[in-house]
Amino acid sequence: MASELGLKAKDFKTDQEVRWCPGCGDYAILAAVQGFMPELGIPREDIVFISGIGCSSRFPYYMNTYGMHSIHGRAPAIATGLSTSRPDLKVFVVTGDGDALSIGGNHLIHALRRNVNLTILLFNNRIYGLTKGQYSPTSEQGKITKSTPMGSLDFPFNPVSLALGAEATFVGRTLDSDRKHLTTVLRAATEHRGTSLVEIYQNCNIFNDGAFDLIKDSDTKGEWIIPLEHGSEVRFGADNSKAVVRDPGNGALSVAEDVAPGDPRVVIHDAHSADPSYAFAISRLSQVDSRLSAMGVFRDVSRPSYDDLMNDQLDAARVKAEASNGTDDAALQSLIYGADSWTIQ
Amino acid sequence: MSTEVQQLDRVVIRIAGDSGDGMQLTGDRFTQETANFGNDLSTQPNFPAEIRAPAGTLAGVSSFQLHFADHDILTPGDRPDVLVAMNPAALKANLQDLPKGATIIVDTRDFTERALARIGWSANPITDGTLENFTVHALDLTQLTLDALADTELSRKDAGRSKNMYALGLLSWMYSRPTEGTLKFLREKFAKNPDIAEANITAFKAGWNYGETTEAFGVSYQVKPAVLPPGEYRNIAGNLALSYGLIAGARRAKLPLFLGAYPITPASDILHELSKHKRFGVATFQAEDEIAGIGAALGAAFGGALGVTTSSGPGIALKAETIGLAVSLELPLVVVDVQRGGPSTGLPTKTEQSDLLQAMFGRNGEAPVPIVAPQSPSDCFDAAIEAVRIATVYKTPVILLSDGYIANGSEPWKLPVVSELPDLTVEFLTEPNGTGAEDGVFLPYLRDPETLARPWAVPGTAGLEHRIGGIEKADRTGNISYDPDNHDFMVRTRAAKVAGITVPDLVVDDADDDAKVLVLGWGSTYGPIGAAVRRVRRTGTSIAQAHLRHLNPFPANLGEVLAHYERVVIPEMNLGQLALLIRGRYLTDVVSVTQVRGMPFRAAELADMLQGVISNGE
Ligand SMILES: Cc1ncc(C[n+]2csc(CCOP(=O)(O)OP(=O)(O)O)c2C)c(N)n1
Ligand code: SF4
Ligand SMILES: [Mg+2]
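Residue numbers (the working numbering), protein chains in the order written: chain A, 1 to 345; chain B, 1 to 618.
Note that these hints are calculated values from the structure, not bench results. By construction, the Cβ of each residue, glycine as well, lies at the ideal position given by its N, Cα and C atoms. Relax, there's no trap hidden among the hints.
Covered by chain B, according to a simulated footprint, are these stretches of chain A (three or more residues, beta-carbon under 8 angstroms): (1) 35–46; (2) 60–66; (3) 106–118; (4) 334–341.
Below, in silico cross-link-like pairs of lysine to aspartate or glutamate (EDC-like), each with a Cα-Cα straight-line distance of 16 angstroms or less: (5) Lys276(B) / Asp312(A); (6) Lys92(B) / Asp128(B); (7) Lys278(B) / Asp312(A); (8) Lys254(B) / Asp329(A); (9) Lys278(B) / Asp308(A); (10) Lys254(B) / Asp328(A).
Only chain B is shown next, with the shape it has when bound in the complex (with noise of 0.2 angstroms):
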């Protein structure tokens, strides 16, 4: 039969389920063949804290967003075009989120009056109107997939569970989606087990002809590849990104890689990938707690590894007085900060970016350390590395801050070259560094005068033995001293180590040259804030944009940049970090606007709320 093949240049899908139904496998193999057909994307999984929330209930929704197009884009979507949903409850937690005009596509099955009521619906919302703003397509795919399996040994119960599979066929049906790559991975997942791969790829097939032969659709869409730089290209999730950071950061440095580690979401990820690539000299400990795990790190950085530790903002708040003591005794030390929903536990799967004045001040005393935010999950790599650079060079704990929007979000990113990476060789002390008259003496604390690092000697380097501790230390020698003078001198002088980090400058994005109200942001906003400068250029309107990599310390132009403007805009996941940073320190009045919700901006609403600040001003 033949359908109607409509063209579209962007589409936002978002599939929800129960988090048993297998929601982000479906998501991660759509996303998956929509980046070998060649479409910009992103994603974002979304799920709850609990491991298995009980089953149907508004707790228990689990989904997955890709926003795919035939150019380049920033976010995932704010709204979803199309939402599939496996059940109730996946249906009514998504609802509010769908514009007037979506399509929905819905598991009948379980839409049974004991159900409904479990999540406060009296009514069929399917037959009762509450729809009517939408094109509806009520399926009973449960159903639709035992049929198509009916001819297996499989249990009803193990037949059902393809119903995702159902689900993907059809998706990929609707969107053109190439589909060997699904029918590969699914042999591969389940080897194992032929009878359950069978199925799943019979559930997919019948998925996909059920688009193509029934008239319930009619319809079926294309979105062209997009013109992308040239260049090889894979789809990858922030902490994979960032893990690859890791590990090439520290080839690049020609050390051994030492994470320690205690399992917290969602920094856990990197954990586990790290732990998987031992043949690269990567050594894993999974700690006692997060004291240990940085205390695991840096006592291998004082071996002469690269010492890192992962967490999130309460395993960090843990590790303050160990990152106060890796100031102090300026070794080299990446310390990942994967923010979540604060305070306390917080909303553990949901995004923040709230730890920035944790990162920045929450140590005792004078404890200044350089603080690195990647600003997509591909992002996550360069970030890492250039922190690694920052360690590495100068000899000091380095945060980088990622989030749980681009930890778990995915893009497509164009591969970077290993050997073309920087290099950042390091070189340990082997002599004695003293002179004159203190010739064939070790002076730990003796600075490089350009960066005003110390050395970084190594046991096991005759000669250089020395000790070193969390007590103040006397300039160069590094003995114990409680001199006030030499307090003053090294408070001030660890600070101006921080604050000469070399930094690229600012880079400002002023397409016109003319904007008066520039819109500043840093970490994870930046492509909801991209794609809402998008909006407002649209409508004729000079908005300029700029996006902090280094937060501390900051580009050394970031005074100028924010003197060029009439108007600072910073948008953040928090209640105004960076604003009450900016303030401070270039007394520029920003305008703070803050989002607390778990969940990134959506680009419509930022763009709203810039042309109301650019309307204003005038």
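Looking at chain A on its own, in the form it has when it is part of the complex (with noise of 0.2 angstroms):
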């Protein structure tokens, strides 16, 4: 699709080599976010993309706007410096399980609990690629792998509860292999003013193959995908038979199955709740049953960014000081002087 600015996909590529193995999720993200970057009907200058490292974190190499592949972990610390500083640019941070989850864990909750304004792609494969398939912070329990050959004993993350513990105002899940779901998640993202995290389910075909397969598999997918539509029902299953329902005695969520049309206990998905705690709820079914995954937007809310709190102090004490100490060359002269100077003859 052609934008405003007359941009096309193809101008988002860069003349550098893709370098990720044949077969990896990451190619079908980076065609989507080049595919959809046109939408934005932002210049290509105007848009950054920071990332820290890992396998998915070469992706700014790969477009075609302002990019910097920085250390592991600390993009959205690195991101969050830009962005208050420049609220004029779109400022992305690509990163990985094992960068955001692991290494990078503190930068990520501060930045979700401060609102910086960052859309922040969470390209989950459960595993570390690019140091050749060590487990993760979201390898299931019990994984076999170079580090862990009788399974991995770590208790995993949900990346999404953990946003929403950290208060994330716009959490999303979708997949790398539904182009459509991932930039419909994705547009709903960049359109938020805050921090908005959307982690993306990515297959690593050489280190954790298959990973997702439950729910790729057009066999199985529709068992056990949840999709979230704000408004809607959540129902899923066979003819939709299967549904989130509250408990009406204590609230609780559950999927129930065999839920007849209208039954009242459907849960209607609501993004927009002020309270994160049923947005976490939803995120939790997969720990009942880790077959299970909720899609799309689980949480849009709005609260002030930092980027725009800081600068209305800026402002503010700028607009003041204008009025009275000023702002030149000479009120920092009188700083400089402070109350209490002298004068050698």
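Fit the two chains together into the complex; they arrive one by one in their own frames, and the hints show the way.
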């Protein structure tokens, strides 16, 4: 699709050879992002991709925008400085499950809590790809990898739950191979002011092949994907007979089978609910049965973004000073003089 | 009553008490009175790392030392001529620093058996002869303060709190200080609480009157104003001067300043200070940790701001990887390290110069970083501007190595004129820089032939979209490159860029031009070394002194300077870090003099040591 600026997907391609393994899910995500960029209507020079380290973090090299391939885990911090000091830019962060949730976990939760103006694309392949296949903080317990020959011991993070716990204002989940869904969620994420986090299930066909097959295979995906659409009943399965229902007694959510049309227990998805616990409860359904995956926008609420608040303070200070103690060289001179200067003749 | 007035050329006073007693505030006020009077001065606060260590304990003692004179001076003084001790612990903690004949003013209030036993004194030192070598004024300052405030509504506890002002009043009388400033200060500070303001003022005046009207003291002193170069002056501490230097540097570069920082002693003051100056386009970001602090600063630098991060040794260790990224990205960044005692948490509130090698080498790979060090509190201003210059001209991270001694110490500062500071205007690239066959192409790593700096092209500039990263880049294009020759070239080029930074030649002070021994220092040892050199010269012995502002690269004439002297002595508050660099670089077998007591060198001790080196050589 061409934008008002006349940009096309190919304008976002660079002359650099893409070096992911053939068949890697990263290709599909790159194509989807390049394809959807023109829709943003933002000139290429005002877009910046910042990444950490990992296979996924090579992403900026392939985007013909401004970009920085930084260091492991630190992209949210670097992007925070860029975004707050340059509110005119559209800043994306590209990160992996190890990058975002292991070494960079601290920066991620703080970016989310501050609600910095960033769109974070978290490529979750549930493995460390670039370092050749160690388990990651999203790998299922018991995972056999090079570093865990008897199975991994740690309990995994659910990135959506984690982000909601950090009170993220926008949290979505999508899949590398479903271009349409991916584009829809990305569009909503980029339109959001504040931090938006999109977990993208991504297949690493070399070290963790098939991790998402259940929700990719056309025979099974209907059974295991819980589609989230704001304002619609949360139903899935053959003939939409399964649904997420709310216990009228304690408010707990669960999945029920053979739910009749019009059953009042069926949850109507509300991404704009001010209280994050509803979205959190949806995200926890996968903990009950790890094959289940809610997909779509979990939460999309508005809260002032850190950048806007900071720039409001800067503006307010300047405006106030212009009417009083000034902002020019003379004002700086008098600051330096202070209240207690003296003259030596 | 008529008291005798004695003329002195200089005095060192130390005020000590519990950390809750307001000793720093008292010291600050006395300093300001002294500055207003026109003496040259130098101060040194000394406080515990604990916010409120238990009252009456040695660990809780906080002190403030002020040296003032009728001539120019370089240090806060080795040993106090006068100690004001507000409790037994303050007396005990400071007694060993007093020279014979020193004056002690001590509040006797807490000299109970229990309080004395608590700090290991079995008898009362005031009466048991411990203080026989000193002139002692033992007063119940607390009671005197309570008496002075008897007519007020204040509780005894609140009234007793004003005893620091009583002591300040007494000192102000003793040294004939002007008092209007303090009275005005107290009114303003307690504007919301007029009762407290009045109590403090009453206590202050009562202290003054006590000196004037009782016979206890008999003598008061005068230290005439110093003859300093004409100009406007103020008293300033290093962290404040450094903050102003960063603001002024950003202004002269015409860049917004973005500070990313995580609180840490003794650097937090800079974060606090810069946070107050949003009107000058100064954005401050208190990050979740030091790594995020520098990361955000680097992100802002990518966007065209002057990125700054401030910390101390432990935080600089955390920032190492990001400094390396900045070296690779070749973006301007100012990294301030206000050094403190190490390793690990070390001595948070004490000074040391032990991060020089960390600054120089504390990164993976060949990652050269220019290093600039201020030499005194007011010099932090100029050093900060110099760091901004190097960062922006050479597109490189720069480490500014201050330390706790000059960060918290203060001295009079001859004020600069903002519009006369160096013009550091930065030009962003706005058009593709390729020529010939590459016309219209942007080459992010095409260098300025003179500085070897690459262009600064910021997001938002159409036609210059580009990607940079920590992976080795091909020369000129900046694309990923694993080519062996390219890597060799890039490593050497980055090194050559830093080595080629233009820095002023080292100036040697060799007053008689016949010295055989050179004493070489860097950073905050400037004052103590200078004072020691004066002592040596007063004995008729020649000695040369030189002080390095630039630790990387060294001034171009350093080798020549070193070769000119028979012996080179390097005093440092570490175990010989500059000495190691000088030996390695110039093969000069320097005499390394080291001390890591968390305190600056004493001028007298340093002078003795220098005399020793000079006579050994003969
Ligand atoms: C400081 C540091 N530690 C370790 C590494 C090695 N390392 C590179 S990528 C990576 C993990 C990447 O995993 P993930 O973020 O999931 O990305 P993926 O490759 O799977 O896309 C590690 C451990 C590094 N580059 N830097
Ligand atoms: S290792 Fe896995 S994640 Fe990395 S490029 Fe190959 S397939 Fe993709
Ligand atoms: Mg991964």
